[in-house]
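Trainee: The listed protein sequences correspond, in order, to chains A and B.
Each residue of the first sequence is one higher than the last, beginning at 1 in my numbering.
Each residue of the second sequence is one higher than the last, beginning at 1001 in my numbering.
FYI, nobody ran anything at the bench for these hints, they're computed from the structure.
Using N, Cα and C, we set each Cβ at its ideal position, and we do this for glycine too.
Among these hints, one or two may not hold up.
Claimed, not checked - FRET-style restraints, in silico, Cβ to Cβ:
#, chain 1, residue 1, chain 2, residue 2, range
1, B, N1079, A, I28, 20 to 30 Å
2, B, M1054, A, D12, 34 to 44 Å
3, B, H1010, A, A174, 19 to 29 Å
4, A, R117, B, G1015, 22 to 32 Å
5, A, R21, B, T1083, 27 to 37 Å
6, B, L1172, A, A174, 47 to 57 Å
7, A, A174, B, M1160, 46 to 56 Å
8, B, D1018, A, S151, 42 to 52 Å
9, B, S1014, A, R130, 22 to 32 Å
10, B, N1079, A, P141, 44 to 54 Å
11, A, R36, B, R1068, 25 to 35 Å
Said to hold, decoys possible - Distance condition first, Cα-Cα at most 20 Å in a straight line; then the derived DMTMM-like pairs of lysine to aspartate or glutamate:
#, chain 1, residue 1, chain 2, residue 2
12, B, K1159, A, D12
13, B, K1121, B, D1067
14, B, K1121, B, E1167
15, B, K1121, A, E182
16, A, K129, A, E182
17, A, K129, A, E44
18, B, K1121, A, E27
19, B, K1064, B, E1007
20, B, K1159, B, E1149
21, B, K1121, A, D16
22, A, K140, A, D162
23, B, K1159, B, D1117
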Amino acid sequence: MSDETRDSGTRDTGLDERVVRALRAPEILAMDFEGRLMAQARAEIARRRATPVRRSWWVTGRVFVTSPLAALAMAAGIAIMAAASTLVVAKRSAGPLTAARDTVEFVRFVLVDSTARSVSVVGDFNGWKRDETPLIAAAKPGVWSVSLPLSPGRHEYAFIVDGQRWVVDPASIASSDEFGTESSVLLVAPSRIGAS
Amino acid sequence: MAISDRELVHGVRSGDLDAFAALVARYRDAYTRFAVRMTGSSLDADDVMQSVWMRAFRNIGSCKNPDRFGAWLYQIVVNECRTFTSRRSQRDSRFIDDSAETLAALEVAEPDVALRDEIQKALDCLPADQREAFVLKHVEELSYDQMAEITGVGVSALKMRVSRACERLRELLEGVHHE
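Given the sequences, and given the hints that come with them, work out the whole structure.
Mentor: Laid out in structure tokens, this is it:
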């Protein structure tokens, strides 16, 4: 610290000494400040670490791009696939499941999580609002899905399980934002299945 | 020997929450006074400092010189206070209510609270950039070089802001501080 900063505030500012003294009176944070802060930090870490746990075989998410009619057929097929204890596999090259639309493609989000009580999807397409797009439980317990019309291009998304658990799709490329929060990347191309 | 800031920063980067807690304990109240003077309220300063620390936690990877963690954190404090100040107009009614409640709660135990309240009101009347410069210079007692590093503002401009702030405060507080 330079000498100039050692000068009396009174002399420098022309203010009364009591004013300067009051201004320089120490301030302390609330007693529970650290507790609240560390709780936030722990929640942040838990959210970051949640992804590997969800890579278990019984928790897997997949994204399909499909036409509305094919979506209906797929919805019926999901229960069969799950009942056969077969993991839902992304049909990355299944041409019949896709159909071009003028400006949007229907994308089916599927999550298999036998422990989930509710699932929603958040992404740039719904403003990352947790309650905006719930997934519907299929007949087979643990299978959740929803179809959404998305414009072609790059989208980022994640699943929210039980209103708080952040689930990154293990089948997609993960992308981290400036704060290190991971989300999944979905590439929607007309007439092509775009999960990457 | 105390663990260095560098070691603690590296610990936080690798996900060590204890290292983060140690940094918080080390710098817990270092910038609180600045935040209180800038926001005008202990409650708002608490909110600002929570944001400051979480921003530091999330962005610890961008702390290029861990040995100077304190200076890096100070920049975040200044920026968060600026953000708060820029939104203050939307929160004016709540701000006044909080101050009134705080004042009422402290009045019995703190005889100087009326003076401090008048001083804070005068500070609040200053433009945000002048208030920031004044508090850094005459409350936190930083040098102009330190202020320039933290705020990103040139020394000449800072001196001008401090000078104008002092002049305005003298006008606002004339007669107030005499018992």
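Trainee: Hint by hint, where does the structure go against what was stated? Just the numbers, ascending.
Mentor: Result: hints 13, 15 and 23 break, sorted rising.
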